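S.K.: All chains should be modelled from the sequences, with the hints used to inform the complete structure.
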Amino acid sequence: MLAPNPAFVTPVVEALSVCKTYRNGTQALAPTDFTLMPGEFVSLIGPSGCGKSTLLKLVAGLIEPSDGRLQWWRQSALLQGAQAPSGRRLAFVFQEATLMPWSSVEANVRLPLELQKVPRDEAEVRVAQALQRVGLSRYARHKPRELSGGMQMRVSIARALVTEPDLLLMDEPFGALDEITRNKLDEDLRQLWAEKGLSVVFVTHSVYEAAFLSSRVVVMAARPGRVFQEVTLNHEGPRDAAFRASPAFAATCRELSDLLLQASLVSGSDQLETA
Amino acid sequence: MTTILDVSAAATSTAPPATIRARPRKATPWAQSERFLRVAVPATVGLMLLVLWEGLVRAFAVPEFLVPGPLRVAQALHEDFAMLMSALWTTLSITAGAFLMATLVGTLIAFAFVQSRWVELSFFPYAVLLQVTPIAAIAPLIIIWVKHPTAALIVCAVLIALFPIIANTTMGLRSVSPGLAAFFRMQGATRWQTLVRLQVPSALPYWFAGLRISCGLSLVGAVVAEFVAGTGGQGAGLAYQILQSGYQLNIPRMFAALALISLTGVVLFWAMLALSNAVLKGWHDSAHTQER
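Quick note, the sequences are listed as chains A and B, same order.
Each residue of the first sequence is one higher than the one before, starting from 19 at the first, in the working numbering.
Each residue of the second sequence is one higher than the one before, starting from 7 at the first, in the working numbering.
Source of the hints: derived by calculation from the structure; they are not laboratory data.
Quick caveat, the model's predicted, so the values are computed rather than measured.
Ideal Cβ positions, reconstructed from N, Cα and C, are used throughout, including at glycine.
Be aware that one or more of the hints could be misleading.
[Said to hold, decoys possible] Covered by chain A, according to a simulated footprint, are these stretches of chain B (three or more residues, beta-carbon under 8 Å): (1) 183-189; (2) 279-292.
[As the list claims (entries may be wrong)] With a Cα cut of at most 20 Å, we get these calculated SDA-like pairs of lysine to any residue: (3) B:Lys287 - A:Pro119; (4) B:Lys287 - A:Arg163; (5) A:Lys135 - B:Val202; (6) A:Lys135 - B:Trp198; (7) A:Lys135 - B:Gln199; (8) B:Lys287 - A:Ala125; (9) A:Lys135 - B:Leu204; (10) B:Lys287 - A:Trp120; (11) A:Lys135 - B:Arg203; (12) A:Lys135 - B:Ala187; (13) A:Lys135 - B:Ala188.
M.R.: What follows is the structure in structure tokens.
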């Protein structure tokens with residue numbers, strides 16, 4: 019079968035010269051072009067203050083660009099209810115689990131469906147499926163505080179998945195977790211992405227995480243925040259524990275580390291101390 | 007369906023949930039239990055102070071019109087039990103009425119403040135004015151303006167108890183997790199959905215903190231208003247009994263009325279704390295801190 023001609027594939031996200039300057043005059047993001055194609059897993063990495071979270075929030079429509087244009091599926095990026103104009107759905111996973119502490123796990127996962135007035139019977143089925151997918155069916159009636167940090171993040175992912183999103187945006191979702199838990203969740207996320215054909219934008223500080231997960235990595239530099247370089251990762255085989263131990267993975271990590279160091283150097287000397 | 011994110015794997019081995027991590031606790035002897043100590047320790051201190059008080063009064067033969075001993079106060083409470091209970095009921099009725107009214111009005115005002123920045127900007131300074139104006143100074147005016155005596159006392163007490171509820175509830179309704187607020191926005195939640203599903207539950211701990219302060223202030227307001235109104239001929243509450251006892255130099259009865267007011271305040275506070283803990287248990291730290 020012939021691969022679709024990229025010229026005829028509608029991009030999921032097109033950011034055209036978007037920039038963001040806050041009211042206090044801080045330029046968080048210089049005019050930046052960014053494109054996400056369907057089925058891509060793109061990671062944004064860079065030193066602190068490089069605008070990667072700002073770019074993600076702009077892509078999500080959570081903040082408005084100071085200038086430039088943002089499009090979802092070639093239509094204006096304005097949410098109509100919980101949907102993009104084309105009827106497609108976005109989901110955002112935050113750095114913290116951001117669960118409602120007063121509600122049970124299943125009530126948290128059901129929330130987006132209730133806000134969208136999905137019939138209760140259908141919602142129950144979808145919530146059960148989402149919880150099963152993240153392996154938390156047993157904990158449906160528990161309150162978030164009764165779960166570990168990793169499990170709370172799984173609930174957050176289940177809440178994002180229950181809406182069956184076309185575009186998944188994740189802002190350092192596993193940053194606060196220990197390395198073993200993070201590696202496990204990375205493997206699960208990668209498998210989920212492959213199974214559902216999701217389009218993902220993933221912000222991380224970790225070159226290892228970016229190298230493991232991504233089909234493309236965007237390295238950003240600071241002062242002002244901008245795209246420094248992009249790297250496409252063409253590893254065809256499975257991304258699993260064996261991949262982490264492979265020379266190819268080590269080479270990718272080394273390449274990304276070098277780029278990150280260069281991005282830090284062009285961002286100013288104090289970034290080196292924090293990088 | 008395939009379980010993609012399998013909780014049984016290594017991920018949870020390093021970070022088990024709190025429910026699994028918790029070991030079965032050894033049975034604590036009742037004398038060492040936290041709940042017992044919370045009651046027993048202050049009760050013992052109180053008993054020792056009463057004994058000391060009685061001992062000093064007897065040792066120095068202090069006349070009862072200056073400082074009666076606790077046994078004499080208890081005797082006065084017993085002798086005037088019916089009258090004092092009737093007075094307590096009156097004060098409690100005014101306190102309860104004022105507390106309910108302050109809760110209702112304060113909560114509604116806070117809702118109005120968070121719905122419109124202009125409403126808050128326009129009226130919040132006047133809410134502060136309520137707090138800083140001494141009630142004793144405006145109580146005579148209120149008693150003149152409001153014809154029904156009990157209603158006048160309730161209005162005075164409401165003015166004292168209102169502000170903590172307005173301030174705490176407003177702060178609670180605004181203290182929403184930014185992440186959750188962004189999530190609601192992305193889901194296209196309506197203003198009503200955001201208020202009911204996010205802001206109101208987030209505000210509950212603050213609201214209860216406001217109630218705990220206001221229930222005591224309602225009692226203070228009821229007593230202060232009674233002091234002012236009592237001189238105008240309206241007298242049936244505990245404050246009025248204190249005034250009358252003072253005029254008659256019946257100091258033991260004055261102490262008995264005072265003790266009833268203090269005890270009522272403590273009971274109201276603990277009742278609100280228990281209600282707050284019952285509602286917030288399982289999800290808010292304040293309810294669990296009390297348990298430790």
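S.K.: Hints first: check each against the structure and report whether it holds.
M.R.: Comparing the hints with the structure gives:
no.	hint	verdict
1	183-189	holds (count 5)
2	279-292	holds (count 3)
3	B:Lys287 - A:Pro119	11 Å, holds
4	B:Lys287 - A:Arg163	11 Å, holds
5	A:Lys135 - B:Val202	15 Å, holds
6	A:Lys135 - B:Trp198	14 Å, holds
7	A:Lys135 - B:Gln199	11 Å, holds
8	B:Lys287 - A:Ala125	17 Å, holds
9	A:Lys135 - B:Leu204	16 Å, holds
10	B:Lys287 - A:Trp120	9 Å, holds
11	A:Lys135 - B:Arg203	14 Å, holds
12	A:Lys135 - B:Ala187	19 Å, holds
13	A:Lys135 - B:Ala188	19 Å, holds
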